[in-house]
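Listed below are the residues making up each chain.
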Amino acid sequence: MSEPTLTSGGDQMEAGLPQGVGRFGWRWSATVGLLCLLVAWGIFSYAQQRLHGDIVTGMRTIGAGGASWGLYISFYVIFVGFAFGGIVITTLAHLFHLRRLYPITRLADLVAVVSVICAAICIMADLGQPIHGLINLPLYAQTASPFFGSFTLIIGADFMASAVYEFLEGRADAAVCATRTKRFAWYYRFWASGWKNTPAERRRRRRVDFWLSLVMLTLLVVAYSTLGFIFGIQGGRPGWFSALAAPRFVVLAAVSGTGLVIVVAAAARHFMHLRQQITERTFRWLGNALWIGTLIYLYLLAVEELTARYAADAAQTEVARAVTSGAYAPLFWVVVATLVLPAGLLFIQFLRNRCSITLTVIAGLLVNVAAILKRFLIVVPSQTHGQLLDYPTGTYSPSWVEYGTIIGITAVGALIFLICVKLYPLVPLAESRISEAAPTDSWSPGRRRLRRLLFSATLLTGLATCVIAFALSARYGTEPYLDPLLPGAPVLFIVGVVISLLSGAVYELIPDKPRTPSSAPD
Amino acid sequence: MSSTTRRDLLGGLSAAALGLGLPSLAQEGEEQAEGLAPEPNDSAAPSAKRANWGMVIDLDLCTGCSACVVSCRSENNIPLNGRADEARGCEIDWMSLLPLKNGGSSAADSAGAEGEHADPSEFIPIPCMHCDNPACIKVCPVNATYLNDEGLVAQIWDRCIGCRYCMTACPYSRRSFNWKHPEWAEEHRNLINPDVATRPDGVVEKCTFCYHRIRTAKEKARLDGREVQDSELQQLPACASVCPPRAITFGDLNDPESEVAHLAASPRARRLLEHLGTKPKVVYLSRDRREAPRSKAR
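Taken in sequence, the protein lines are chains A and B. In terms of my numbering, the first sequence opens at residue 1219 and continues consecutively. In terms of my numbering, the second sequence opens at residue -17 and continues consecutively.
In case anyone wonders, no lab produced these hints; they're calculated from the structure. Among the hints, a few may not be true.
Facing chain A, a subset of chain B residues (Cβ under 7 Å, in silico) [claimed, not checked]:
| # | residue |
| --- | --- |
| 1 | L43 |
| 2 | C47 |
| 3 | L62 |
| 4 | G71 |
| 5 | L79 |
| 6 | I143 |
| 7 | C145 |
| 8 | E165 |
Note that the structure is a prediction, hence the values are computed from the model and not measured. The beta carbon of each residue, even a glycine, is placed where N, CA and C say it ideally should be.
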């Protein structure tokens, strides 16, 4: 099962690293160079915004003929959606032991990590006072705002959860890599943190995988619903105000994330020569997940539009009319087409029990066209057309500054991804799975007790910190205005969530044998 | 904080004596922003009862002359907008005139309303509603806007991160964003009101019910050892003070004797978008029994 590049084993030690890790070909370098140019363009665009104010964007005041949120918030939602899709695939694979997804779990998780970073930059780009944002959000974030969930749970906790997961998941492979290179052995040894590939370790790995996935899935649905609430609980904004906002958001996030993972997996398969590792079976599963998700989303879309057109109040109907048959109609029908088409193609593929990777990738791209346009259609029309008073309807078209910044942010994401690809193997190695020896219970009872004790202590500390910090942030039992009881309590809340998640790492990292040096990295 | 509030009375003399010098605009900005928070002195003031500021706008008197709009801009240091084409959609308006489609007469479909009286004005003056249940403060991620003890929806410019969430949440669209650095023409610079902070670009701003004037009135009353009189308050905000037909009345809704409380209890009284449950403290008076300014949704 090992890939052909490994067996060549030249005298150059780095050449022995799998999947092109540590080797920088011209194609990789050229892509990175191009991405750097795009990032520079993004920085230049954003600099215009900082120099001349937000007037250089296409955004304007609501009621005075514009929309106050535009491309940045749309793409924030899109990136967060990618992150959701990426983590959902990973967690589902581990919860239900979907073996065909194992080759792409780490890739999907990396997509999630990168997307969260992009989402955070999008928010920063949107802020009129980004420095105030960096200082005031950690200090004063208030729990009643749906942004609290986005800021703490998504940007903070989910990012850390994915990173912890990526770290734990990569240990086995890092141990293999450490034997293949001299120059970077220290780095892989640090990552492997004492991984010996013993049955006991593997059992612990599986157990942590399962529980971490379960916790993350719960956290995800909560966290990503808060993102839907940003729009869904605005009673004064027809078109946003809807109980369907959160579920609709979660479903489209899963669809677009799955689409992106399909595209990235196919690209990795093609450019990194991973045909044997990432097989058709993986794409078949992803393709099926995609058409099911897309159909659910189409159903939600139909229900919502029908309600808005048929029986909603005048203002909501006006937004729905603008979207389906007014100023935004071309975009809307492209969305419908780019959802129906891939769903249909993939369904036919499912019926014929075949799998074409090309077709699946096209479907993955199409649903993302739909997702991007749909996010725009969620964010903008309610601001330009959803006025309850007699304000004139507005218009919004993004300026080159916004396009430039978004391109730059996307390039940052791609760049991080490409760099990570050279830091560790993207697809779990076959070698790290070989020694499926009969499980011999070699755990010393003392160690087991210590492990349980430390694990419980970490988990309880984390949970207690969460509860206390949330209570302090929410200012329960105090006057209803101003600061958290403890400045910085929002950050403490994130720290609590992260400590809780790190309990998994503690459980895994306590070594079995007393003579092994302690190796918890943090 | 207190040095700002007493400055009107004690002047530069005491400031110089304290060795403080006159505060710069920027420093004053902070003080002004913080000044919106309830003042500790207030509890020691003769009237221990909290005020609940409100405004009544009589649409039957309003002529749509825009004096309130101009006065508000001048009083509150609202920057000029530059050329009209550049400025489209960037206007900062704490008080503006909302044109009613069809002069509002098409809305005569409410119960009991037979459009026998045409709406006298085709515009309604629309400041911040200072809701008792404001949508904007719930969504602010950093508590840069909050409901103070006197019922004002206050905004701390220095804390605002410019996310514009409050703008999307406000059903009345009564919040403005500084899309660019504030600018004043040379001849206007000397006219900047030192009692009101100027705001930087990238923050959201809004009507304060001229809180600086309220504070000055309270200080005056406190030094005279009396309570603030309703007559002092009725035309206190900049918009009310210049209204030729005196269509705008301001005052304490908690004071049952106040003019504003009387007017607010009038059968002609209506509030904007009441069905949203935002409980606005700006009340419109109109002969019509229909909901004063037309709203699309009921």
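Structure-based check of each hint:
Residue-level restraint check for B:L43 is violated (minimum Cβ-Cβ distance to chain A is 21 Å; threshold 7 Å). A cut of 7 Å between beta carbons decides the hint on B:C47: the least distance to chain A is about 19 Å, and the hint is violated. Checking B:L62 against chain A by beta carbon gives a least distance of about 14 Å; that is not within 7 Å, so the hint is violated. Below 7 Å, beta-carbon pairs count as interface contacts, and B:G71 has one with chain A at about 3 Å; its hint therefore holds.
The interface hint given for B:L79 is violated, since its Cβ lies 11 Å from the closest Cβ of chain A, which is over the 7 Å cut-off. Interface restraint check: B:I143 against chain A, minimum CB-CB distance 4 Å, threshold 7 Å, status holds. Interface hint status for B:C145: upheld, as the beta-carbon distance to the closest one in chain A is roughly 6 Å, under 7 Å. Here the hint on B:E165 is broken, as its CB sits about 10 Å from the closest CB of chain A, past 7 Å.
Of the numbered hints given earlier, the model fails hints 1, 2, 3, 5, 8; all others are met.
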